[in-house]
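Trainee: In case you want the letters, here they are:
There are 2 protein chains.
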Amino acid sequence: MIFDFFSEIRNELSVVEEELIKAVRSSDPLLTETATHLIKAGGKRLRPAFCLLGGKFANFELNRIVPLAVALELIHMATLVHDDVVDASLTRRGQPTVKAQLGNRISTHIGDYLLGKSLILISLYDDPLIPRVLAETSVKMSEGEILQIATTYDLDQNIKDYFYRINRKTALLISASCQLGAVACGAPRQLHQTLRRFGHYIGMAFQITDDILDMTAEQTKLGKPVGGDLRQGIITLPAIYALRKGSVRNRLQEIISKTDKSDQEIHEAIDLIIGCGGIDYADAISDKYIAKAKKELAGLPDVPVKKTMQIIAEFIGIRSF
Amino acid sequence: MIFDFFSEIRNELSVVEEELIKAVRSSDPLLTETATHLIKAGGKRLRPAFCLLGGKFANFELNRIVPLAVALELIHMATLVHDDVVDASLTRRGQPTVKAQLGNRISTHIGDYLLGKSLILISLYDDPLIPRVLAETSVKMSEGEILQIATTYDLDQNIKDYFYRINRKTALLISASCQLGAVACGAPRQLHQTLRRFGHYIGMAFQITDDILDMTAEQTKLGKPVGGDLRQGIITLPAIYALRKGSVRNRLQEIISKTDKSDQEIHEAIDLIIGCGGIDYADAISDKYIAKAKKELAGLPDVPVKKTMQIIAEFIGIRSF
Chain A
14 MIFDFFSEIR NELSVVEEEL IKAVRSSDPL LTETATHLIK AGGKRLRPAF CLLGGKFANF
74 ELNRIVPLAV ALELIHMATL VHDDVVDASL TRRGQPTVKA QLGNRISTHI GDYLLGKSLI
134 LISLYDDPLI PRVLAETSVK MSEGEILQIA TTYDLDQNIK DYFYRINRKT ALLISASCQL
194 GAVACGAPRQ LHQTLRRFGH YIGMAFQITD DILDMTAEQT KLGKPVGGDL RQGIITLPAI
254 YALRKGSVRN RLQEIISKTD KSDQEIHEAI DLIIGCGGID YADAISDKYI AKAKKELAGL
314 PDVPVKKTMQ IIAEFIGIRS F
Chain B
14 MIFDFFSEIR NELSVVEEEL IKAVRSSDPL LTETATHLIK AGGKRLRPAF CLLGGKFANF
74 ELNRIVPLAV ALELIHMATL VHDDVVDASL TRRGQPTVKA QLGNRISTHI GDYLLGKSLI
134 LISLYDDPLI PRVLAETSVK MSEGEILQIA TTYDLDQNIK DYFYRINRKT ALLISASCQL
194 GAVACGAPRQ LHQTLRRFGH YIGMAFQITD DILDMTAEQT KLGKPVGGDL RQGIITLPAI
254 YALRKGSVRN RLQEIISKTD KSDQEIHEAI DLIIGCGGID YADAISDKYI AKAKKELAGL
314 PDVPVKKTMQ IIAEFIGIRS F
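Taken in sequence, the protein lines are chains A and B. The opening position of the first sequence corresponds to residue 14 in the numbering used here, with each subsequent residue numbered one higher. The opening position of the second sequence corresponds to residue 14 in the numbering used here, with each subsequent residue numbered one higher.
These aren't lab readings, by the way, just hints derived from the structure by calculation. Where is the CB? At the ideal position from N, CA and C, for every residue including glycine. You can take every hint at face value.
Among the chain A residues that face chain B by a calculated CB cut under 7 Å, a handful are:
| # | residue |
| --- | --- |
| 1 | 41 |
| 2 | 122 |
| 3 | 126 |
| 4 | 162 |
Cross-link-like lysine to aspartate or glutamate pairs, in silico, EDC-like; alpha carbons within 20 Å at most:
| # | chain 1 | residue 1 | chain 2 | residue 2 |
| --- | --- | --- | --- | --- |
| 5 | B | 35 | A | 149 |
| 6 | A | 57 | A | 223 |
| 7 | A | 35 | B | 149 |
| 8 | A | 258 | A | 293 |
| 9 | A | 320 | A | 17 |
| 10 | A | 173 | B | 41 |
| 11 | B | 173 | A | 41 |
| 12 | A | 35 | A | 46 |
| 13 | B | 173 | B | 293 |
| 14 | B | 258 | B | 278 |
From just these sequences and the hints, can you work out the full model?
Mentor: Here you go:
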């Protein structure tokens with residue numbers, strides 16, 4: 014069964030898609046081709062969708078909101094492309110990994126190019142709140158990335174560190190998308206602040222669920238090997254919880270600390286985490302964020318897309334991919 | 014003999030220096046430390062200086078111009094940090110180069126962080142021209158970087174390709190610095206457009222001279238081995254000229270095409286380029302740009318810093334480091 018969460022904004026999303034293609038055009042045909050390829054490779058377009066939905070709570074105007082929706086996706090894409098940059102030390106047995114072969118330098122500059130294109134779109138807006146929120150967001154997103162690198166293999170990090178990190182990594186841009194879509198359509202302060210908080214809670218739940226799925230999803234749905242975070246020493250909420258449990262702590266530490274883990278060790282670590290309740294714990298935290306998101310929704314005007322927002326909030330915590 | 018080109022704006026430049034340090038502060042102490050270290054490592058602060066000088070042609074106001082001057086240096090620093098990102102293939106004899114050891118991922122995200130901080134400062138300005146010019150500039154700078162990678166080892170590129178590339182790589186941001194300093198201080202359109210053109214010509218001459226010095230400077234002054242561009246397959250103006258000369262073309266092609274060149278081969282290539290007039294040719298082109306810059310200066314009001322601008326124009330073409 015397929016349910017289209019964005020059926021109410023399907024037409025608007027296809028306009029965003031067309032404008033995304035137009036936005037990355039360059040005078041250099043090769044660059045246009047590479048950037049277009051990146052866009053056509055797909056993505057959930059979650060940020061443009063939240064932006065459009067946010068706008069539907071205010072005086073929705075397609076022409077006003079589309080450049081912003083496109084800019085948000087470009088910022089998101091730029092961070093994905095920059096995440097592809099790897100260290101020389103990540104070469105395996107002397108051979109660069111597939112990602113490294115694509116070219117760190119190209120990834121860096123294409124990410125900058127996409128970011129630059131987003132700045133052009135953002136500079137079209139007169140309301141200074143839009144560039145200001147996005148500038149603050151982009152600084153914090155970089156801080157989050159650097160923090161994630163710095164806390165890799167840090168087995169002593171606590172839950173607060175984790176929340177701080179996933180807010181920067183994911184929630185802030187989703188939050189900005191919900192808020193600024195409304196700002197672009199002339200929403201009063203109280204409305205766009207409520208949407209900002211809604212987006213924050215949804216974004217937190219989204220990333221926690223992502224981190225759970227990294228351990229529990231079927232590999233075919235995930236599209237990558239299970240346990241990728243543990244493999245790279247990225248300690249997420251279920252692992253932080255489990256590492257506090259005396260019964261599993263020592264063995265878990267031992268496995269996670271290894272820089273080269275076997276598939277069997279990864280599965281053992283996941284079983285230890287599940288066994289001591291790490292996944293249930295993370296699920297419960299995600300549910301709390303969803304409850305908070307729904308509470309914010311209650312304060313929003315009864316426009317048709319409000320129902321869509323409610324369904325999205327429900328789905329984020331129960332999705333299996 | 015030391016001549017301080019920026020003596021007239023020395024106080025203003027120290028304010029910029031203080032604000033640069035403040036601008037990169039993060040809630041993460043390690044990030045603050047790394048970014049502060051990058052700033053304290055120095056740099057000519059050419060872009061802030063041009064920005065301040067541009068402002069002196071209008072209603073100079075320190076508070077109005079400093080955030081922009083800081084933002085311009087942060088953009089420049091971000092591009093330098095991103096230029097440090099290397100490909101896995103650049104490991105030498107299986108060992109990553111020094112740059113690669115510093116961490117491609119950290120370089121990418123620190124560059125993004127500096128860029129984000131510049132966006133915060135830029136978002137303070139009400140005049141939409143400032144974010145718009147800088148957004149266009151940053152897109153074109155990324156295009157220039159990608160083009161430089163794409164044209165590496167391309168022995169058939171022509172002079173037009175080279176100008177296109179160095180405009181994006183260097184001239185555009187210097188041009189924007191001259192123009193926007195004046196814009197931030199309320200300059201009328203004609204004035205900031207003249208400064209924009211002046212900056213373009215100066216920027217082009219600056220990069221051509223840089224490319225000449227890469228072949229002719231003493232290694233101690235250059236701070237890196239002579240012939241670095243040729244070594245990496247970056248074809249600059251003197252080489253493009255020489256590659257058209259039948260007498261040296263074949264041998265020059267042979268050397269430049271090699272991915273692993275000996276010091277002796279680099280020196281032979283440089284001697285071939287000098288011998289057939291490649292350096293003189295590039296010098297003459299640089300002089301033409303300087304003449305154009307001076308012509309633009311003539312149209313500017315007679316403020317005290319005009320003399321400084323003239324001296325800078327003279328110096329750019331004759332500097333030896």
